[in-house]
Amino acid sequence: MIIYMIVLLIVLILIGVGVLFYLRNQKRTAVGKVELRKEEIKALPFQNELVKVKDLQLKGEAKMKFEDWKYSWQNVLKNDLDESELHINEADEALDRFRFKESSERIDESHQTLDSIEQKYQTLSAEIDDYVSRAKEDRIKYEECRTIYREAKRDVLANRHQYGEAARPLEENIERFLPALTEYEQLTSEGNYESAHFKITEVHDQMTRLKSDMEEIPLLIRDVQKELPGQFQEIRYGCRDLKVEGYNLDHVKVDSNLQTLKGKLNLVEPLIARLQLDEAEEIIADINGTLDEMLELVEIEVMAKNNVEKSKELITDELFYAKDMNYTLRTEIEYVRDNYYIDEEDIQKVRQYDNEIQSLIAVYDEILSEMAKSAVRYSEVEDNLTYIKDHVGTINTEQEKLQQHLTALREYEREAQSHTLKIQSRKEDVFRKLMASNLSSIPERFIIMKNEIDIETREAHALFNKRPMHVEHVRDKVQKVLSMMNTFEQEVLTMLQQASYAEALIQYGNRYRKDHADLNKDLIEAERLFSNNRYKRAVEIAETAIERVSPGAPVQIEKRMNEMN
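According to this note's numbering, the sequence shown is numbered sequentially starting from -11.
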């Protein structure tokens, strides 16, 4: 037995040793991978990146940059790679002693160092690319500036008449750029690309602005010498013609405004000659804004005249219609007030409308008289006519409503009388049904309801005979009687239906009385309730009793009765 245990122990030890060696081999694979990665990073082609800088003038700032990038990469290769190599060796030694955790930590540290080296490589490469690319872009800007310089000189020489007094300042500005371009050439030839970048960027912005100004100056001069003076004349003669046609344009202040604008316009050409184009544009924009406001005021007057011509005939018709309608209302009120009650407020409204119509007619006549004069402010006339039109429209609407009310009074009376006759007929018909039923007695509440309807009907007839008749009171009274009649009819018909249903249930249940004592007892109670006019409760007891002995029978009985009705 002991031998077996010893053998087992030896086997376990051998397995454990095998596992350790297996794990160490696995870890050595990780060490080999980081070693391979280190060699790949060591072989990164940084020299190829540096070669890009050699395409420039390797002097001055460029040479200092070149040496700095070169030193930085050599420092990375010397220090960072040595640090990574140290971690790799420590990981390998830890594996020899089977310290797997320590070995993993050293491998991770080596990878972190290599990550840092790759990041530094990317950063240095990006700096080189940016530096070289910016130098190339600056060269393109330089060529553009030389093109602008040549073309600007040529344009000023060939088209001096377009630039007027601004031609000489433009030539002087153009020539000021030549030393700056020469300075850029000098800086790049000395390898000072940083300083050259700031210089050419500044010059390029200024020359681009100069090119834009040269395109704008002829347009500004044309505005000052032709366009705006032409608009001044057009507005002056146009307003003069409109005044001849009868327009009052004093509020536009044509002469004073144009004189002021001319004074402002005289300030523009000296500003252009001094190349102060922003100030010149601001003055021109202000002049154009004032011209737009003047033209808008003139356009308002022209449109107002068209609207006035269109609305005069319509307003005349509306005023005559309102006057005729008011006369008709006053006449009709005098005619019907003996027979029908007319609200005093409505009478006062008609009188008020008469006064307002007379006032509007007077104002309208005054407006027409003003329009017959030599000069008219049509925008004011339009506002006044709009007021008259709106006001008379409101009056006509209110008068038409009152006219409809007066016309409807007789119809309201006929309608109320018709409803009263129908109520009386329905009441008698319902009461006949009540009397013709086989009820033991007529419930007292129905007799009371009938009497109340009779009393209200007599009061309604009294209102019919009263003069002047208050139609609204009559309609309210008839509506009240109609509501009472509807309630009376509904309750009577419901009670008769319940009584018939209770009687049918009791008759159906008689066949089961001998065999079902409980049923017989319930039906006796239902008959007692029936004789006391408590039909709803009688139905409930009879339904429950019959449902116990004949399920579904009450539903069939009710369905058959509904079909018969």
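In short, the hints are calculated from the structure, not lab data. Mixed in with the good hints there might be a few duds.
As the list claims (entries may be wrong) - Estimated spans, in silico, between C-beta atoms of each pair:
#: 1; residue 1: Asp331; residue 2: Asn295; range: 35 to 41 Å
#: 2; residue 1: Asn294; residue 2: Thr382; range: 22 to 28 Å
#: 3; residue 1: Gly234; residue 2: Glu388; range: 34 to 40 Å
Even glycine gets a Cβ: it sits at the ideal position worked out from N, Cα and C.
A quick look at each hint next to the structure:
A hinted range of 35 to 41 Å for the beta carbons of Asp331 and Asn295 is consistent with their spacing of about 39 Å. Separated by about 25 Å at the C-beta atoms, Asn294 and Thr382 satisfy the suggested range of 22 to 28 Å. The hint said 34 to 40 Å for the Cβ distance between Gly234 and Glu388, and at roughly 37 Å that hint holds.
Checked against the numbered hints listed earlier, the structure breaks none of them; every hint is satisfied.
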